[in-house]
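Chain residues, written in single-letter form:
Protein chains: 2
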Amino acid sequence: MQKLLGLTIDEWLNAYQQGTLSPKQALNELLSCCSPDDPAWISLVNAQQLDVQLDALAIRFKESGEDFSQFPLYGVPFAIKDNIDAVGLPTTAACPEFSYLPEQDASVVKLLRQAGAIVMGKTNLDQFATGLVGTRSPYGVVPNSFDADYISGGSSSGSASVVARGLVAFALGTDTAGSGRVPAGFNNIVGLKPSRGALSSAGLIPACRTLDCISVFALNVEDAQKVFELCLQHDSNDPFSREFDSQAPRTLPKKPVFGIPEAINWYGDSEAEQAFENTLRQLTAMGVQIKKLDFQPLHELAALLYEGPWVAERRAALSEIYQTRPDAIHPVVRHIIEQADNFSAVDYFNASYRKQSLLRDAQHLMSMVDALCVPTTPTIYRIEQVQQSPLMLNSHLGSYTNFVNFADWSALALPGGMRNDGLPAGFTLIGPTWHDFALAEFGLRWQKFQPWSRGALGTSLPATPAATPPCPADWIRFAVVG
Amino acid sequence: MQKLLGLTIDEWLNAYQQGTLSPKQALNELLSCCSPDDPAWISLVNAQQLDVQLDALAIRFKESGEDFSQFPLYGVPFAIKDNIDAVGLPTTAACPEFSYLPEQDASVVKLLRQAGAIVMGKTNLDQFATGLVGTRSPYGVVPNSFDADYISGGSSSGSASVVARGLVAFALGTDTAGSGRVPAGFNNIVGLKPSRGALSSAGLIPACRTLDCISVFALNVEDAQKVFELCLQHDSNDPFSREFDSQAPRTLPKKPVFGIPEAINWYGDSEAEQAFENTLRQLTAMGVQIKKLDFQPLHELAALLYEGPWVAERRAALSEIYQTRPDAIHPVVRHIIEQADNFSAVDYFNASYRKQSLLRDAQHLMSMVDALCVPTTPTIYRIEQVQQSPLMLNSHLGSYTNFVNFADWSALALPGGMRNDGLPAGFTLIGPTWHDFALAEFGLRWQKFQPWSRGALGTSLPATPAATPPCPADWIRFAVVG
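In order, the protein sequence lines correspond to chains V and S. Under the numbering used here, the first residue of the first sequence carries the number 356, and numbering increases by one thereafter. Under the numbering used here, the first residue of the second sequence carries the number 356, and numbering increases by one thereafter.
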């Protein structure tokens with residue numbers, strides 16, 4: 356069974372195509388590796404639900420003349436954060452009382468199933484995607500995949516954990532203020548946070564609807580990019596969906612300029628500091644030019660999101676359960692959304708004007724470089740620490756993630772080597788809107804230069820392909836459709 | 356003196372260049388035609404302020420080697436709505452207690468002065484640009500320039516009036532929900548409502564900052580377009596300023612498709628109905644194809660703006676005076692901005708989601724045609740009627756203007772012939788964002804096909820130039836700079 360853990364998409368596809376694995380046997384075996392008691396899962400498919408999916412795929416595959424090229428994710432197992440609808444499994448958003456059985460798949464889940472991917476289960480999260488810690492859930496705390504005393508990061512805690520432990524090839528997360536990046540950094544995997552509106556949010560329980568993105572976790576860059584490409588389709592069912600800009604650059608310059616914060620508060624975490632310094636050394640060795648920038652406007656944007664009226668979006672999304680069954684909401688989450696009462700529409704507009712002004716400064720910063728480069732988080736905490744100080748430590752973790760969706764930017768969280776204490780470090784590249792492919796192209800270069808292990812499994816990943824996007828023809832097809 | 360009234364920009368320039376007029380003599384004479392008792396003015400320059408401007412221009416003109424081409428508005432008199440800053444005159448926003456002496460010109464005023472234009476005065480408005488009627492001002496009601504029993508329309512009442520009566524060649528207005536179009540329609544002049552962010556709002560007292568546009572009134576299309584082009588410059592002092600899209604079309608198709616409302620509530624005004632039908636007949640004769648569309652999503656957008664939380668923007672702009680001197684605010688305006696208390700930040704977000712969904716429907720409507728074509732207003736009212744029912748009648752007037760800035764569209768209000776009762780009718784073309792030039796290009800075709808008189812003066816305008824934008828080279832220069 357061990358051999359099924361931690362396979363990449365290509366490894367799954369190759370095994371199927373070469374006949375060394377059969378989907379039915381392999382995925383049933385893989386499912387038996389998944390424990391319902393594992394706090395990373397909120398629900399798993401049962402054997403029958405797995406078979407139904409596999410049988411449907413087998414019929415479609417046969418109808419295609421057994422043409423693998425029509426199924427770019429043929430039989431590839433994946434997990435879904437439990438605030439995204441998938442038919443057959445309840446959507447809980449980590450709130451049992453909120454649970455419902457969705458009538459249709461979220462748009463991105465539908466696209467992935469069309470491509471042949473197989474849903475293994477729904478993953479735990481900070482309730483209603485409110486948090487960056489992975490501890491705010493009645494379904495249990497998701498421990499770090501390297502050291503169970505530490506947090507996994509959140510809110511997409513379960514999705515990152517099951518990818519890092521190789522239980523699925525990839526997973527969907529979401530990202531409003533960093534939920535698709537922080538847990539990637541804490542679990543040595545890739546977190547691709549698309550430009551807002553690139554992937555449809557239809558079928559997603561909103562956190563902050565104007566900012567939410569569905570994101571992708573994978574063991575390596577090519578898999579994250581592949582899933583992103585397959586999901587990239589304008590969706591008329593999502594008013595926030597936007598046409599991808601087909602003119603956006605697909606590569607970074609050969610010797611890109613990365614903007615880093617001129618001062619970083621590491622909250623005393625010298626391991627995190629050393630890891631980032633090491634990353635910068637490696638980047639420099641790759642030819643990257645590092646430019647120190649004053650991140651003050653970005654910190655102010657982050658503060659506006661965390662302390663300002665945008666909390667009212669979270670309340671707006673939960674108004675029914677908040678009014679009728681407030682006790683059903685996790686106390687920390689409830690405390691946060693209670694703050695919405697402090698803000699009037701006038702407060703919103705005043706904050707939005709401040710935001711608009713800060714955005715201008717933010718764009719100016721971005722215009723000076725090819726991308727920003729930040730530690731994914733300035734530090735990591737033990738579960739116990741977060742439970743003692745759930746709000747303040749959470750806000751520290753978002754220092755370099757919070758502002759990104761506000762600024763309408765793309766981001767890619769990458770493994771950044773191991774710390775001396777055995778925990779992984781991560782860093783994140785942040786680019787302008789629609790620079791998703793350009794960031795991924797550099798991500799492949801980084802992966803080749805400084806390879807990392809398969810999540811928390813410790814084994815090495817397959818060799819990195821050439822640092823150009825794998826299937827531009829496919830990409831053009833998906834960008835034009837819809 | 357009569358000969359100075361109602362001159363177009365080209366007529367002013369030609370007269371100066373041919374030496375038949377001198378700026379000093381002509382503009383002093385023109386000033387003497389302007390009465391401080393005229394309710395269209397809030398303040399006029401005095402003779403000394405006029406001379407200061409003319410002397411400064413004379414020096415610059417001499418320094419240029421008397422090169423007229425460097426002064427595309429050399430000595431051309433204009434007026435400024437009194438919610439836009441111009442050094443030397445107080446900005447009141449039609450609220451005496453709010454009045455202050457600005458330390459610098461609004462960005463657009465600065466550009467116009469650089470081009471050689473001369474400020475004649477500041478014009479009356481519905482207080483704080485709140486209204487479409489021209490009656491909500493302690494500086495008096497601005498009567499219609501054709502029939503003093505009727506309203507001038509607002510909020511840019513004074514600016515439209517002084518252009519229609521030929522006291523200036525052009526005037527700046529503003530437009531949030533129709534203030535730059537309604538008074539154009541009621542006074543037989545052109546109202547160019549730019550795409551949001553095309554002209555800088557720096558130096559403008561906000562009404563709804565996310566929606567406000569500075570607009571242009573002129574006697575003919577070429578003058579409105581010329582002023583627009585000269586003001587078209589990205590402004591880093593305005594966080595809402597946007598780079599103009601240089602790829603946007605500059606013409607409409609030879610036989611464009613115009614979308615009209617499939618049903619119009621004329622509020623019993625058969626004259627308005629007949630005038631619009633006549634306009635449609637003329638448009639059809641020009642080769643325009645008329646397509647009836649269901650405007651329901653646009654009406655819902657309009658209702659959202661008028662009845663929803665965007666009123667909190669007006670309050671946000673006036674919080675100081677509202678809190679400290681509420682009695683200084685016109686009772687109707689105060690009543691409107693009091694409604695802001697009804698909306699929380701949660702209400703705002705819920706309304707913004709509804710807006711986002713309606714915008715998708717609105718874009719779909721627009722995608723089916725080259726432009727929308729609507730009556731500028733469905734009817735007109737007597738001053739007395741509006742004073743008796745100030746809110747409801749105002750909202751009727753905005754039926755076809757309210758939704759435009761919400762939808763991020765461009766618009767051009769054009770004269771649409773005379774009604775049998777001697778009042779002017781108007782219609783408005785509405786295009787996608789950045790289609791300002793394309794609308795103006797068609798506006799020139801309309802002007803050639805169906806010429807109108809000089810505002811309310813009754814005399815004919817000069818022949819319309821060829822229906823192509825007059826100075827693309829200039830335009831490219833202004834789009835690239837800044």
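Be aware that one or more of the hints could be misleading.
To be verified - Mimicking DSSO-like on lysine-lysine, the simulated pairs with C-alpha atoms at most 30 angstroms apart in a straight line are:
| id | chain 1 | residue 1 | chain 2 | residue 2 |
| --- | --- | --- | --- | --- |
| 1 | V | LYS710 | V | LYS646 |
| 2 | S | LYS358 | S | LYS465 |
| 3 | V | LYS710 | S | LYS803 |
| 4 | V | LYS647 | V | LYS803 |
| 5 | V | LYS465 | V | LYS417 |
| 6 | V | LYS465 | S | LYS710 |
| 7 | S | LYS465 | V | LYS710 |
| 8 | S | LYS465 | S | LYS646 |
| 9 | S | LYS647 | S | LYS610 |
What the hints assert, rightly or not - Here's a subset of chain S near chain V, in silico, CB distances under 8 angstroms, partners left out:
| id | residue |
| --- | --- |
| 10 | THR375 |
| 11 | TYR455 |
| 12 | PRO457 |
| 13 | GLN459 |
| 14 | ALA658 |
| 15 | TYR661 |
| 16 | ALA695 |
| 17 | ASP702 |
| 18 | TYR703 |
Since the hints were made in silico from the structure, they are not lab data. Ideal placement from N, C-alpha and C gives every residue a C-beta, glycine not left out.
Structure-inconsistent hints, enumerated in ascending order:
When the structure is compared with the hints, numbers 3, 8, 10, 11, 12, 13, 14 and 15 turn out to be violated.
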